[in-house]
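J.: Now for the letters of each chain:
Protein chains: 4
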Amino acid sequence: MRKQGRHFLQIPGPTNVPDRILRAMDLPTMDHRSPEFGELGLRVLNGMKTIFKCSGPVFIYPASGTGAWEAALVNTLNPGDHVLMYETGHFSTLWKSMALKIGLQPEFLQGDWRSGADANAIENRLRDDTAHDIKAVCVVHNETSTGAVTPIDQVREAIDAAGHPALLMVDTISSLASIDYRQDEWGVDVTVGGSQKGLMLPPGLSFNAVSDKALAAAKTCASMKAFWSWEDMAGPNATGFFPYTPATNLLYGLAEAIDMLHEEGLENVFARHDRHAEATRRAVQAWGLEILCSEPNHYSSSLTAVRLPEGHDADAFRKAVAENFNMSLGNGLSKLAGRVFRIGHLGDFNDLMLAGTLSGVEMGLELAAVPFERGGVQAALSYLASEARGNAGGQEAAE
Amino acid sequence: MRKQGRHFLQIPGPTNVPDRILRAMDLPTMDHRSPEFGELGLRVLNGMKTIFKCSGPVFIYPASGTGAWEAALVNTLNPGDHVLMYETGHFSTLWKSMALKIGLQPEFLQGDWRSGADANAIENRLRDDTAHDIKAVCVVHNETSTGAVTPIDQVREAIDAAGHPALLMVDTISSLASIDYRQDEWGVDVTVGGSQKGLMLPPGLSFNAVSDKALAAAKTCASMKAFWSWEDMAGPNATGFFPYTPATNLLYGLAEAIDMLHEEGLENVFARHDRHAEATRRAVQAWGLEILCSEPNHYSSSLTAVRLPEGHDADAFRKAVAENFNMSLGNGLSKLAGRVFRIGHLGDFNDLMLAGTLSGVEMGLELAAVPFERGGVQAALSYLASEARGNAGGQEAAE
Amino acid sequence: MRKQGRHFLQIPGPTNVPDRILRAMDLPTMDHRSPEFGELGLRVLNGMKTIFKCSGPVFIYPASGTGAWEAALVNTLNPGDHVLMYETGHFSTLWKSMALKIGLQPEFLQGDWRSGADANAIENRLRDDTAHDIKAVCVVHNETSTGAVTPIDQVREAIDAAGHPALLMVDTISSLASIDYRQDEWGVDVTVGGSQKGLMLPPGLSFNAVSDKALAAAKTCASMKAFWSWEDMAGPNATGFFPYTPATNLLYGLAEAIDMLHEEGLENVFARHDRHAEATRRAVQAWGLEILCSEPNHYSSSLTAVRLPEGHDADAFRKAVAENFNMSLGNGLSKLAGRVFRIGHLGDFNDLMLAGTLSGVEMGLELAAVPFERGGVQAALSYLASEARGNAGGQEAAE
Amino acid sequence: MRKQGRHFLQIPGPTNVPDRILRAMDLPTMDHRSPEFGELGLRVLNGMKTIFKCSGPVFIYPASGTGAWEAALVNTLNPGDHVLMYETGHFSTLWKSMALKIGLQPEFLQGDWRSGADANAIENRLRDDTAHDIKAVCVVHNETSTGAVTPIDQVREAIDAAGHPALLMVDTISSLASIDYRQDEWGVDVTVGGSQKGLMLPPGLSFNAVSDKALAAAKTCASMKAFWSWEDMAGPNATGFFPYTPATNLLYGLAEAIDMLHEEGLENVFARHDRHAEATRRAVQAWGLEILCSEPNHYSSSLTAVRLPEGHDADAFRKAVAENFNMSLGNGLSKLAGRVFRIGHLGDFNDLMLAGTLSGVEMGLELAAVPFERGGVQAALSYLASEARGNAGGQEAAE
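Protein chains in written order, with full-length UniProt numbering: chain R, 1 to 399; chain H, 1 to 399; chain X, 1 to 399; chain G, 1 to 399.
Excised from the complex, chain R in its bound form (with noise of 0.2 Å):
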């Protein structure tokens, strides 16, 4: 296997840390007790807030995204209640089981992993339940395993629509610091979001951005929790601290990663995802390949997946690609396994970089031997540089 240089982790997160990230996590860890510590707790927890464009709380779990959802369940929901989710792939399959584990009782809308939530059938579901038995609407913005976004927006509308009480909860876990996201705008009450995607770094640490609404809901909520209780937590983040041993290095870089996100700009950021997936569509479409998510509307910005031809092993193409040009793919999930691969084009990310991912997949592509069209590297480069020309006329005009 090919080891060298610099390798190329183009799954849909984690993401490649960036240098300066990862050095200011290297750096001793301190008294989680002290008053400096105090000081960096409070940069965290209000930079956080301007990340998902929220005013209220952001509770920062050390533990993984995972944990994050099951955070957002138990604060505000009883045992047995009814929660709306939506099918829009194996995350949001996920999360379900686990609503399912701790004894909610979930209601599926089904979908076929090729979109995002339809808002409309949201809608329709909850006009129905004039009993207000649905405490919470569940749904993934950004469907890691297909690579389809649900407008979240267009969801708030549905619920307000129908005239419907229940709490809007939304997984941000591959879209956040990446795709556009307002929590307060939007009227989410629950956000949950991790470390190691757009925010750039190492997993480990997971959010729950949480509204008024929400947090009136914990107050009066039976669930049983201990770790993840935002009760116990609220008290010692007024003052910047945890109620127990907060993942010191990874808080370090997070402070460094919320600075690096606002010295760029946060619409820069989208921006670049966004060309970034255009670019790979486009290599995608001229390789003659079919892009997963078939609803335009819907593209994500953070990653593409795309479907083989009938025949062709996505995981054999994988190796392939891993073993001759040290680069990871995403791999397709559950139902999706064998038949899709995934292009991760988020976090710290360029044109370059993007151009190396894309002709890796190219390069792998012959060498699985599955059938394609040449060029798209090529179209992508294309597109890259009309950007690039388009952006630097556009610095010329503003200045």
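The hints are simulated quantities; they were obtained by calculation from the structure and are not laboratory data.
Only true hints are included.
Identical copies go unnamed one by one, so any copy, or any two together, can satisfy a pair.
DSSO-like, lysine-lysine: derived pairs with alpha carbons at most 30 Å apart:
{"no.": "1", "residue 1": "Lys53", "residue 2": "Lys213"}
{"no.": "2", "residue 1": "Lys3", "residue 2": "Lys49"}
{"no.": "3", "residue 1": "Lys3", "residue 2": "Lys53"}
{"no.": "4", "residue 1": "Lys96", "residue 2": "Lys219"}
Start from chain R and add chains H, X and G according to the hints.
T.: Same frame as chain R, now just chains H, X and G:
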């Protein structure tokens, strides 16, 4: 505040992370579904068995130690189950509170926060429980708030003497890899550990080491759980993988930590901690101050809690130390607040770091106008020098 | 300027330092007079012999390559000595200027800056020197300003054919550990090397690999020297030490670099560089641009210099690349300024990094309105894919 | 050998490099011809003027301090020039030997290796030199082999009183950024410095800070030079660049070091070093050992050399310390070999690191069976505590 030079992080954890571990963690995050990751996973999953001295599985959570407490309880016990816990101090009290929060019925054997658990009291209580209502006995091996150790072998003997079938669960968060511990030999069913103490890592990983008996209990356990589920872990762990994104970079550090511990030799690690604890106690005694732990057989080798004379505020003393000498000491927790300070002498530590630590305490006592006798550092040095001399002799003899 | 993602440092050195080496260097500086340092010293001093393929000593300077040029001259030659040098480009010209500055009489065989040295011309000149006035022949193995290689074995044969006793001195700063080199086999007397190219280190170390004949010359050499003195080095080097404070942390990195090169295998390292150079040339040819090196037998495997069409400014092109694509390319030096750009494809490098690099060039040509044909990246990918396919077959055959 | 915990690197340089500087250096090497590099270059070139307290240029070599010695001489003096040097110890002797090697005629005023240079002796010698044959006076500010400081202002006055036009050259390798130094105010013409002491960097950079008078001398200087040439440096330096590849990653660290020194305040840095030196001397005196420096006005604030009683081997003592306590102490050099050991207390250092250091010495004396009185550490702590108390008072008074 004087900030030059290296900070002395002498709280009883997190500890001074060695450069070798920080550098091991400071590498690019890898694909957690790649074959290379599987190798790393098996290396740490198997490696941790050598640290717990167990043959059964060790589950590794991307979470802090509080989470591993919860995992131990929710995987083995049913809602409403009685558990016998022992009040050794602040952390045993927190564990008891957690048991309540998640729906168990803890019974708390009262302690004085100055010693480890009394095995006789446990035996007596179990003998009375002829109906075997008590499903688990939970003790803290090394109570981090007081510096008192519970002899786990005695607790095992007490349970056996009572002929009681309860599970034995032990918290080793501040003793693992610092104080002798033997999961299998002592018949422990679930051991709870964390990364940020004797393992010399930053916080962010925690452990459950699990016996066959505990695994059997898990099969019939009806407690709600998802993130903490052993069952979900066991499958992927068999090939070195995890059911959700692991804290990859901390696992890099864990592999390095396991190597470092075996390079030194676990018995040498324990002897080193014993030596530093004895030197610390000699200093405290020379100062004329009182060691919080009143039972010499229970002295902790990883930390020493020291009482200040009545009328003197331990936090004012700690502040003087922090501001003048760039050292963090542990504070008194809950009912010990302001009354004691704690010296952590665990992890990647040596004689001169201890000498610096004790020097900071001695000068801080003077600055804070605490009445004390000089000579504590001198007493520690005399002991350490004599130990070094003995050690040199021993090595020569062995050659 | 777009600064996101990883910078592509595609100048012909310094090269992209791999994380493994950066981390090796990121450890505390050690006592350069301790036994542990002696072990490190011997490890790198002996290790470098395996890289130069020599049995004589290698002297390591805490200095950049320019210093090692000076060391080669002042340790072997006397003031006023005649030396025969060959004008392969900017760096051979600088070396010649240095020879003048330190009191030698260099004779400069004229070259066209588009090829390596002509061994016949050297042979002819030496045959004419019947009085053996010429004390040394100095050539640059890989001229970094032009991307042209001088076949050192041919130069050796030329000297031998002329029956001339001159020393042979070779600059391998941009070829060492990238292009096949054999100090002993080719009868080189002094080889000059640096850390920041094929050795994958930051700048700050340089080398003299020295033959017995050169050591003998040093014994009678009257040139003034102190810092560069081999004689002062040789004594302490015997036990792994240095006559003055060495660049300790760079030596940590050097030990790691030597290990990495042998893990890959030097022959594989050379083959990888050959492959990337060939891919690059195919791209240049597809673009319809001219490779500066006009002699295919002299093509460099570590860099490719490319001429821009008349009337197009290479520096404007490089600026467009830097600002839009976060990549540094090498500039044209002295008489090539503005006329050529140079692509470094050496060091810790792989196919996808090269694909990204060439993509940046192709898009930059478009942005800078340089006339070119599209398809360079495509041509490179076709070649790299076919090489990967061949490689896979070869590996299977070998098993 | 006991290797756990942090090594105490208490030689008089290299010093304990702070994490902040190691991390600054642990970033990818950049293009040394890019605009970004020019910014870095200007930052360090200008920044070093604030450390030397000079208005003229500072030249930065990618080389160790020995190289900067050579640079000072070959840029200003002509072959055969007379220079007046002063034998303060091993390093002044090495500098004198270097002067001989490069063709100068050094005259060496004899010293006793127990004090700094005697300004009166210099004045007398210069007065005798009515022909002004002596072209430079060279002294070592802080003699690293003995721990004795030469008052440079007195040497300046001596030269002026003699009405002599010689250049004044000063080696500040082990005093710069540790002991008060003022290039312009004291009329120094060339100051030689290095990176690995008070600047807290690894070895690999060295400096010449240069007056107008020295620059003028350089214009007519006929010594052979290339690598060390100021003239070649000056041009590129004007825009932040260098004539050959600089040691980029060390320059990252240098920029950080300059920031750190100014954050603390240079006067505070000097006061800290003074305090640690005084504490060390109190310890030595309490042990009943002799400080090598016999002239209290010349005591060094960056290191203390200690004589062992006759018949006791300082190297055996140092070995006992290294093997038992993981600390490196400085050895006795040349005629002091085996007779003295040296304690470095410079760089990124604090009270508790010093307490650990002195504890290691005190225990080592016992292990090595050197006759001594206990109480040295105690004496140091008493002094440091009183200083801390005074400091707190001073701060309050200032508010």
